[in-house]
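Q: Here the structure of chain A is known, so what remains is to put chain B with the ligand in place on it, guided by the hints.
What follows is the residue order along each chain.
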Amino acid sequence: MSRTLTYCQALSEGLVQAMERDESIFVTGIGVDYSSAVFGSTTEAVRKFGKERIFDAPAMENALTGIAIGAAAMGKRPLIVHLRNDFMFLAFDQMINLAAKWKYMYGPNAVPMPLVVRGIVGRGWGQGATHSQSLHGVLGHFPGLTVLAPATPADAKGMTIAALQADRPIVIIENRRLYDIKGPVDIEPNPTPLGRAFVRREGSDITIVGCSIMVQEALVAAQDLQQKGIAAEVVDIATVRPLDVDTITASIRKTGRLVVVDTDWEFCGLAAEIAALAAERCLKQLKAPVCRLGFADCPAPVSAPLEEAFYPKASSITKASLALCGESEEGMTFSAHVDTFKGPY
Amino acid sequence: MSNLLDPTEEKRLLRSMLRIRRAEEIIAHHYKTEQQMRTPTHFGIGQEAVAVGVCGALQQDDVIFSHHRCHTHYLAKGGDLAGLVAELYGRATGCSGGRGGSVHLADRKVGVVATSAILGETVPVAVGSALAFKMDGGKRVAVTFFGDAVFEEGVIYESLNYAAVNGLPVLFCCENNLYSTETPLSLRRKSGSEFIDRVRSFGVPGEVIDGNDVGVVREAVANAVARLRRGEGPAYIECLTYRWREHVGPLFDYEANRTYRTRDELEDWMRRDPLAVSKKRLMNASALGDAEYEAWLADIDAEVASAIEAAKAAPWPEVRLILEGVL
Ligand SMILES: Cc1ncc(C[n+]2csc(CCOP(=O)(O)OP(=O)(O)O)c2C)c(N)n1
Chain A
1 MSRTLTYCQA LSEGLVQAME RDESIFVTGI GVDYSSAVFG STTEAVRKFG
51 KERIFDAPAM ENALTGIAIG AAAMGKRPLI VHLRNDFMFL AFDQMINLAA
101 KWKYMYGPNA VPMPLVVRGI VGRGWGQGAT HSQSLHGVLG HFPGLTVLAP
151 ATPADAKGMT IAALQADRPI VIIENRRLYD IKGPVDIEPN PTPLGRAFVR
201 REGSDITIVG CSIMVQEALV AAQDLQQKGI AAEVVDIATV RPLDVDTITA
251 SIRKTGRLVV VDTDWEFCGL AAEIAALAAE RCLKQLKAPV CRLGFADCPA
301 PVSAPLEEAF YPKASSITKA SLALCGESEE GMTFSAHVDT FKGPY
Chain B
1 MSNLLDPTEE KRLLRSMLRI RRAEEIIAHH YKTEQQMRTP THFGIGQEAV
51 AVGVCGALQQ DDVIFSHHRC HTHYLAKGGD LAGLVAELYG RATGCSGGRG
101 GSVHLADRKV GVVATSAILG ETVPVAVGSA LAFKMDGGKR VAVTFFGDAV
151 FEEGVIYESL NYAAVNGLPV LFCCENNLYS TETPLSLRRK SGSEFIDRVR
201 SFGVPGEVID GNDVGVVREA VANAVARLRR GEGPAYIECL TYRWREHVGP
251 LFDYEANRTY RTRDELEDWM RRDPLAVSKK RLMNASALGD AEYEAWLADI
301 DAEVASAIEA AKAAPWPEVR LILEGVL
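Chains as they are written, first to last, in this note's numbering: chain A, 1 to 345; chain B, 1 to 327.
Excised from the complex, chain A in its bound form (with noise of 0.2 Å):
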């Protein structure tokens, strides 16, 4: 059974019900018990559980996931959040060359690893280059790390859920802007399956793929393109790695053209492995090049017309769609996807 929530509701409800059944689930990480509540999202928990299980800590990042990872390998299952992803570049000596390789270089004598970590992206309201990075990416590139990009409210809880069970380092990575998003979420706990790709919009004459708030932009691009009857199909990525290749060829396949769009710079990044993907396994059905749509290759500006111009959005999926379909863009109307952030951050 389903009902609407929003994207910040959903990680609550996921957090609390993982909790609710499993009690070495713990969380820390700067601000997580405050009244601001990682902007709600742990409000919930910290109401239901109390500081014994959700409690501050110094900022000390990369000696935080350590304690976590020591922790996890006594039997706990710590959740550590990063308020912005971009603070866990001083973490990644636990997360890429610990926590990462734990299993694998510890062999048969290796305890398990539960550690998760979720990281926020700043985007909008001038988050600037330091705060609106997305390491996802970055992160999928390591063995051993499983990346998480959830792009809807069902998977913020499904997702949740499903790394709060696993045995294996995880990380969330969530766009602050997609917190208001709202959608429908199961009652139950159901945990999203991971390593799975998800055709969230069916079409047949173009494959539009990415992750996170992509999806919803992408979306947006899909519904704009049918003014000129182009049906595209939109397939969120949803697990950075381990990658469902399958489902994202099988789209590719299908409808011959393809436009990657990604919530990050697109040079050595996630776009750039689905573009290999394409070239490597779908050549011969493509009809077109392939397309990548990411970040301007600069930091993120912060001034409103400059930032505007940073991120991919629906209108440019739209128009890089049109291009490859051989469609011009006379008479569209560009949707914008609703922007409803506000400050102070």
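In case anyone wonders, no lab produced these hints; they're calculated from the structure. All values reported here derive from a predicted model rather than from experimental measurement.
Here are the computed lysine to any residue pairs in the SDA-like style, where the Cα-Cα straight-line distance is at most 25 Å:
{"hint": "1", "chain 1": "B", "residue 1": "K109", "chain 2": "A", "residue 2": "G75"}
{"hint": "2", "chain 1": "B", "residue 1": "K134", "chain 2": "A", "residue 2": "V46"}
{"hint": "3", "chain 1": "B", "residue 1": "K109", "chain 2": "A", "residue 2": "D167"}
{"hint": "4", "chain 1": "B", "residue 1": "K134", "chain 2": "A", "residue 2": "G50"}
{"hint": "5", "chain 1": "B", "residue 1": "K139", "chain 2": "A", "residue 2": "R53"}
{"hint": "6", "chain 1": "A", "residue 1": "K51", "chain 2": "B", "residue 2": "A164"}
{"hint": "7", "chain 1": "B", "residue 1": "K139", "chain 2": "A", "residue 2": "P112"}
{"hint": "8", "chain 1": "B", "residue 1": "K134", "chain 2": "A", "residue 2": "P58"}
{"hint": "9", "chain 1": "B", "residue 1": "K134", "chain 2": "A", "residue 2": "D22"}
{"hint": "10", "chain 1": "B", "residue 1": "K32", "chain 2": "B", "residue 2": "W316"}
{"hint": "11", "chain 1": "B", "residue 1": "K134", "chain 2": "A", "residue 2": "R168"}
{"hint": "12", "chain 1": "A", "residue 1": "K48", "chain 2": "B", "residue 2": "G137"}
{"hint": "13", "chain 1": "B", "residue 1": "K134", "chain 2": "A", "residue 2": "F55"}
{"hint": "14", "chain 1": "B", "residue 1": "K134", "chain 2": "A", "residue 2": "R53"}
{"hint": "15", "chain 1": "B", "residue 1": "K312", "chain 2": "B", "residue 2": "A82"}
{"hint": "16", "chain 1": "A", "residue 1": "K228", "chain 2": "A", "residue 2": "E202"}
{"hint": "17", "chain 1": "B", "residue 1": "K139", "chain 2": "A", "residue 2": "T28"}
{"hint": "18", "chain 1": "B", "residue 1": "K134", "chain 2": "A", "residue 2": "Q165"}
{"hint": "19", "chain 1": "A", "residue 1": "K51", "chain 2": "B", "residue 2": "G138"}
{"hint": "20", "chain 1": "B", "residue 1": "K134", "chain 2": "A", "residue 2": "T28"}
{"hint": "21", "chain 1": "B", "residue 1": "K134", "chain 2": "A", "residue 2": "I30"}
{"hint": "22", "chain 1": "B", "residue 1": "K109", "chain 2": "A", "residue 2": "A166"}
{"hint": "23", "chain 1": "A", "residue 1": "K48", "chain 2": "B", "residue 2": "D136"}
{"hint": "24", "chain 1": "A", "residue 1": "K51", "chain 2": "B", "residue 2": "E232"}
{"hint": "25", "chain 1": "A", "residue 1": "K51", "chain 2": "B", "residue 2": "F202"}
{"hint": "26", "chain 1": "B", "residue 1": "K134", "chain 2": "A", "residue 2": "G75"}
{"hint": "27", "chain 1": "A", "residue 1": "K51", "chain 2": "A", "residue 2": "V16"}
A: Okay, now just chain B with the ligand, sitting in the frame of chain A:
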């Protein structure tokens, strides 16, 4: 020189030191002459009293975390000698299945949870295990071993602060052997800026002790661990000691013509051999005779020889399984 521990206990510790010493020496010999162990090894020869003294004061279900110079800690905590040797030879029977090598030893059965070649990396992990112990309300403790160079990494300060603020049962054990690879402490620390003062500034109590006397280490750690088990928060022990061999590899530095420290300095420290200190004490008390010591030596050498033989005869990991065990 400190007093004799209970002679049975001191004999146990000396035998354990001897076992580690001989294992390391024999492994070093094979490493050098065969070129078959393809994993950088950091020998702890000369530093055995720290590992044995600390682990001697722990219970089996207490956990330890170590770093690149981890053979001593692994063996002292009860790690499997055959598993260690096989790991160095890269065999499937190695304690880490041939995936970790010399610097990623683990043995969950005896509480060697993780070792890592990144400086300071396992320090917070020990703190986290202590956090779990505190949450569970038990009496277990966690120990993190690290070298003096870790005081140059930020993560140690984050970890000390967190452990202190939260009163966690973790022992920070610094093995200060005066060098970080070939850089002496004098070039890395302003004179007068003692580690112990930094540690105390976080509210963590500690002491600096003779790390070449297993009795001193054993006693200091027993006291510290008793405090940890009473829930009085973390502690720090700095063991002054010296490594005899090169930083990484089986040679003496003079064999490689390195000049960062003198042979005189080494020989000075070799006169303070932790094994000799303990042996002399036992012999003076007539608790140990030459014959018994020689018998230990023979047993240990045979054990190490058969571990090496077994490792060489053991199967390699199957290449077709290279992708197994990532997730
Ligand atoms: C983060 C990091 N930086 C540099 C190194 C290279 N390195 C390996 S061992 C070592 C010196 C370690 O000295 P110390 O901590 O005193 O331990 P010791 O080797 O003396 O036992 C260095 C610099 C490393 N392993 N990790």
